[in-house]
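K.L.:
Spelled out from the first residue to the last, the chains are:
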Amino acid sequence: MDKRIWAIGGGKGGTGKSFVAANLGLHLASLDREVVLIDADLGAPNLHTFLGIKPSHPDLGDFLTGRVPSLADAAVATSVRNLRLIKGTENILFVANIAHFRKLRLLRQIRQLPTPNVILDLGTGSSFNTLDFFLSANPGVVVTTPDPTSIENTYLFLKSCIMRVLKLYMDHYKIRELHQKMLDQIEKNSQSLYSFFKSLMETDRSYGTILYRALRGFRPCLVMNKSRGEDDDLLGRSMADVARKYLLIDMKYLGAIPYDEDVQESLRAIRPYYPQHRDSAAARAIRQMSEELAYSIEFTLRTPPEIRLPDA
Amino acid sequence: MLKRIEDWNYYELLSVERTASPDEIWAGYQAALSTYKDGSLALYGLVSEAERGLILERVQEAFQTLRDPDKRKEYDLALLRHAPYFPPKAAFRKSVGKLEIEEAPARKTLWTRLKRLFVKNP
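For the record, the sequence lines run as chains U and X.
Residues in the first sequence are numbered from 1 upward in steps of one, following this note's numbering.
Residues in the second sequence are numbered from 313 upward in steps of one, following this note's numbering.
Hints are computed from structural coordinates only; laboratory data are not their basis.
Some hints could be false.
[Stated by the list, open to error] In the DMTMM-like style, the derived pairs of lysine to aspartate or glutamate whose C-alpha atoms are separated by at most 20 Å in a straight line are: (1) K245/U / E318/X; (2) K198/U / E152/U; (3) K349/X / E324/X; (4) K349/X / D241/U; (5) K349/X / D232/U; (6) K349/X / D73/U; (7) K103/U / E177/U; (8) K349/X / D62/U; (9) K3/U / D241/U; (10) K245/U / E369/X; (11) K198/U / E361/X; (12) K198/U / D231/U; (13) K54/U / E361/X; (14) K198/U / D319/X; (15) K252/U / E291/U; (16) K167/U / D147/U; (17) K245/U / D319/X; (18) K252/U / E329/X; (19) K54/U / D32/U; (20) K245/U / E329/X; (21) K103/U / D147/U; (22) K252/U / E318/X; (23) K245/U / D382/X; (24) K245/U / E386/X; (25) K252/U / D350/X; (26) K245/U / D380/X; (27) K349/X / E152/U; (28) K181/U / D171/U; (29) K252/U / E324/X; (30) K252/U / E265/U.
[Stated by the list, open to error] Some, not all, of what chain U presents toward chain X, calculated at C-beta under 7 Å: (31) V76; (32) P148; (33) E152; (34) L234; (35) L235; (36) S238; (37) M239; (38) D241; (39) V242; (40) Y253.
Built from N, CA and C at the ideal position, the CB exists for glycine as well.
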């Protein structure tokens, strides 16, 4: 069985990344699939709360400091069969600013985990740590809400991902002089990515082709969370279309998760949402989303962009 | 393909296939309208107001052309001269242990055809 690593990320806090990650994990586990959830929100971990678990050891910090030998040993069993969790650490200051070599080790160990399904819950923002985890997944899922702030940050997050992909390729092919050019040109207006590639194709077609292919290999998915109606679902569809046209990426829209008061209720009671609300619209949306992610042959054929992080 | 917004053809603007039926074109038009309408949130922080207006005009133009069969035929011919068209492959979906075509129409057996011919209210 092939291995799947999904990363749930996004530009803004409070959009429901941990909610989506936890409930996708719970759903897959209920289908008798082995799942490991990893709280990779290094700065503000709270995935355990969504699963109704209290913080305890071992956690991700124990792996990073070498107290447990491998990442698999840091996974703890949960009350749900087939579902294990690698908790975020309480020693935040140390882990949030994790060194490059530790991050590489973590990424390597995530790929080597013996579990077929790995779900990463990422933090907010566009730090290199977050972006690299997002890009290592297949596919990365961006969670947004219908608020303008969230939409704005979603596009910013996607742009940061794009720039990170391009930079990694530039570093790999040792064309670092292009990097400054990219920083100067991109981010000025909506057409900036197009004009960057256009001018690059004119000056150096081979590098232009390499970078454009790298960009096309980046295929994130979009989820519209806390949707309050058809309009919000349509908004998600529109956002994916806009990203395809302006950011030149092949983005797939997975669907909308309806807003549900019970999510807050479950959270306050520190109980997992999914097992108790299986028939709710939100749970149905999550099921459909996981089907889409798990079965679609498209995804099994999709490979993440070939990125080798430089050992620097 | 790497394209500037002005170079998108009408089908790309409405995000439909070149083989799209009138209904699909209508749906694509409605979706494009909601994307590029005044105050659309989908463009927030990415596309400027002037640019939005321009694209909305092109969306209208696209729909006016594609809804009219004669105009559409003429446009298709012009488009074909410009670039060849390869229709998309059938969508496959991996289900448990086998492959099946996702959008395959229901099989019409001889019996259902006969039934439709001879039975008034099947």
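K.L.:
Evaluate each hint against the coordinates.
P.N.:
Hints and how they fare:
no. : hint            : in the structure
1   : K245/U / E318/X : 11 Å, holds
2   : K198/U / E152/U : 25 Å, violated
3   : K349/X / E324/X : 17 Å, holds
4   : K349/X / D241/U : 14 Å, holds
5   : K349/X / D232/U : 14 Å, holds
6   : K349/X / D73/U  : 53 Å, violated
7   : K103/U / E177/U : 26 Å, violated
8   : K349/X / D62/U  : 51 Å, violated
9   : K3/U / D241/U   : 29 Å, violated
10  : K245/U / E369/X : 17 Å, holds
11  : K198/U / E361/X : 23 Å, violated
12  : K198/U / D231/U : 35 Å, violated
13  : K54/U / E361/X  : 49 Å, violated
14  : K198/U / D319/X : 13 Å, holds
15  : K252/U / E291/U : 14 Å, holds
16  : K167/U / D147/U : 30 Å, violated
17  : K245/U / D319/X : 11 Å, holds
18  : K252/U / E329/X : 17 Å, holds
19  : K54/U / D32/U   : 24 Å, violated
20  : K245/U / E329/X : 15 Å, holds
21  : K103/U / D147/U : 32 Å, violated
22  : K252/U / E318/X : 23 Å, violated
23  : K245/U / D382/X : 28 Å, violated
24  : K245/U / E386/X : 26 Å, violated
25  : K252/U / D350/X : 25 Å, violated
26  : K245/U / D380/X : 26 Å, violated
27  : K349/X / E152/U : 17 Å, holds
28  : K181/U / D171/U : 14 Å, holds
29  : K252/U / E324/X : 16 Å, holds
30  : K252/U / E265/U : 31 Å, violated
31  : V76             : 31 Å, violated
32  : P148            : 5 Å, holds
33  : E152            : 4 Å, holds
34  : L234            : 5 Å, holds
35  : L235            : 6 Å, holds
36  : S238            : 4 Å, holds
37  : M239            : 5 Å, holds
38  : D241            : 6 Å, holds
39  : V242            : 5 Å, holds
40  : Y253            : 11 Å, violated
Hints 2, 6, 7, 8, 9, 11, 12, 13, 16, 19, 21, 22, 23, 24, 25, 26, 30, 31 and 40 from the list above are not met by this structure, while the remaining hints are.
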